[in-house]
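2 protein chains.
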Amino acid sequence: MSGDIHDIRGLHVIVDGEHTLGRTHADVASAALRGGARVIQLRDKRLTVRELYPVALELRELTREHGAVFIVNDSVELALASGADGVHLGQGDMPADVARRLMGPDRIIGVSTHSVDEAMAAEQSGADYIGFGPMFVTATKDAGAAKGPEGLKLVRGCVRIPVVAIGGIKASNAKQVIDAGADGIAVITAVTAAEDVEAAAREIAGQFGVH
Amino acid sequence: MSGDIHDIRGLHVIVDGEHTLGRTHADVASAALRGGARVIQLRDKRLTVRELYPVALELRELTREHGAVFIVNDSVELALASGADGVHLGQGDMPADVARRLMGPDRIIGVSTHSVDEAMAAEQSGADYIGFGPMFVTATKDAGAAKGPEGLKLVRGCVRIPVVAIGGIKASNAKQVIDAGADGIAVITAVTAAEDVEAAAREIAGQFGVH
Chain A
11 MSGDIHDIRG
21 LHVIVDGEHT
31 LGRTHADVAS
41 AALRGGARVI
51 QLRDKRLTVR
61 ELYPVALELR
71 ELTREHGAVF
81 IVNDSVELAL
91 ASGADGVHLG
101 QGDMPADVAR
111 RLMGPDRIIG
121 VSTHSVDEAM
131 AAEQSGADYI
141 GFGPMFVTAT
151 KDAGAAKGPE
161 GLKLVRGCVR
171 IPVVAIGGIK
181 ASNAKQVIDA
191 GADGIAVITA
201 VTAAEDVEAA
211 AREIAGQFGV
221 H
Chain B
11 MSGDIHDIRG
21 LHVIVDGEHT
31 LGRTHADVAS
41 AALRGGARVI
51 QLRDKRLTVR
61 ELYPVALELR
71 ELTREHGAVF
81 IVNDSVELAL
91 ASGADGVHLG
101 QGDMPADVAR
111 RLMGPDRIIG
121 VSTHSVDEAM
131 AAEQSGADYI
141 GFGPMFVTAT
151 KDAGAAKGPE
161 GLKLVRGCVR
171 IPVVAIGGIK
181 ASNAKQVIDA
191 GADGIAVITA
201 VTAAEDVEAA
211 AREIAGQFGV
221 H
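Chains as they are written, first to last, in my numbering: chain A, 11 to 221; chain B, 11 to 221.
Just to be clear, a hint being listed does not mean it is correct.
What the hints assert, rightly or not - Chain B regions said to be covered by chain A (calculated; three or more residues, Cβ under 8 Å):
| hint | region |
| --- | --- |
| 1 | 54-60 |
| 2 | 85-93 |
| 3 | 99-105 |
Hints are computed from structural coordinates only; laboratory data are not their basis.
Every residue, glycine too, gets a C-beta built ideally from N, C-alpha and C.
Chain A extracted, bound-state conformation (with noise of 0.2 Å):
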């Protein structure tokens, strides 16, 4: 399983370095991994391209060595030039259609998403899966109001592609979450904002049944 690149059911750590209690994007990384983390998603609004390309390379390496998915947020050229399995699209990124044609077929377009129109609009447009959320409320990110575990399963049932669930998700919610549909769920601060990052990941990470 953690052969397959395209295989992002589990637990996404998305690394944005104003959320890791000043540790390096790498450090928290390195221990989403070591807990489980299938998937690490690169996301740094803070900086700019040239000093996430370094970072992107440390990331690169650090998936490959754990046979994990690496993914970067927003950015097609930084993830062709990392050589990251896939990019992950925001409504004012790239539309995924065009990035595809960047990206080539093999890599993994991922698009966030806050309905069931969105949704539907995304897989049409040939992402590999999406984004849907917020499930909870979150002071991470101002996304909306909170769609929980029912709007998930309401998308679930209308795309084919793997759903990864976002927005304030932690150990103690992330059972009803999957429980709802959730081929993946996506976490921040639940994980890279943990004292212990490992554990932390693990706690998530474990309640996927087969991981």
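Given the structure of chain A, go ahead and fit chain B onto it with the hints provided.
Just chain B now, kept in the frame of chain A:
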């Protein structure tokens, strides 16, 4: 001459939606091209990649019709997606040698520089031309102390690739910049914020001997 996309000698007009007196990027670019602009560069830090993409496609079409060169500022992915002739990189963008891997050998890579050292490093890293400035004091961008035509002459003597002067250049001081050895002159407001964009472009473009 207008058939060679690598000939970037002449007037570069940087079209930034913030400085067009409310006119569209395409309207301003169109008029600048009629006035003899050799290169149109798209730069608009207020817009997302998603928003810039259709604008880039439009400018790509317009420049092609005029046998002119189209360059995208900052974004390698936007340059690739829109079929631009090249990208112009600042110090926070992708390093030129990394951009080259993504862009291939035939597209143009320009790099902003502000000293002889930066200019030589840019040439070393495979840039096709350098931007150099600021020539004069400018309100558009805080880019450090004015280098003047003397600074340009110095840089011109240290690199073999074309040097495009930028920063506070207008019709009344363009001649001294060209005389100091500038292969190109890049302007923003001197053309894009002029009431008559075409005439403003012509007044500067006309100062390059053969154009």
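Evaluation of the provided hints:
no., hint, result
1, 54-60, "holds (count 3)"
2, 85-93, "holds (count 6)"
3, 99-105, "holds (count 5)"
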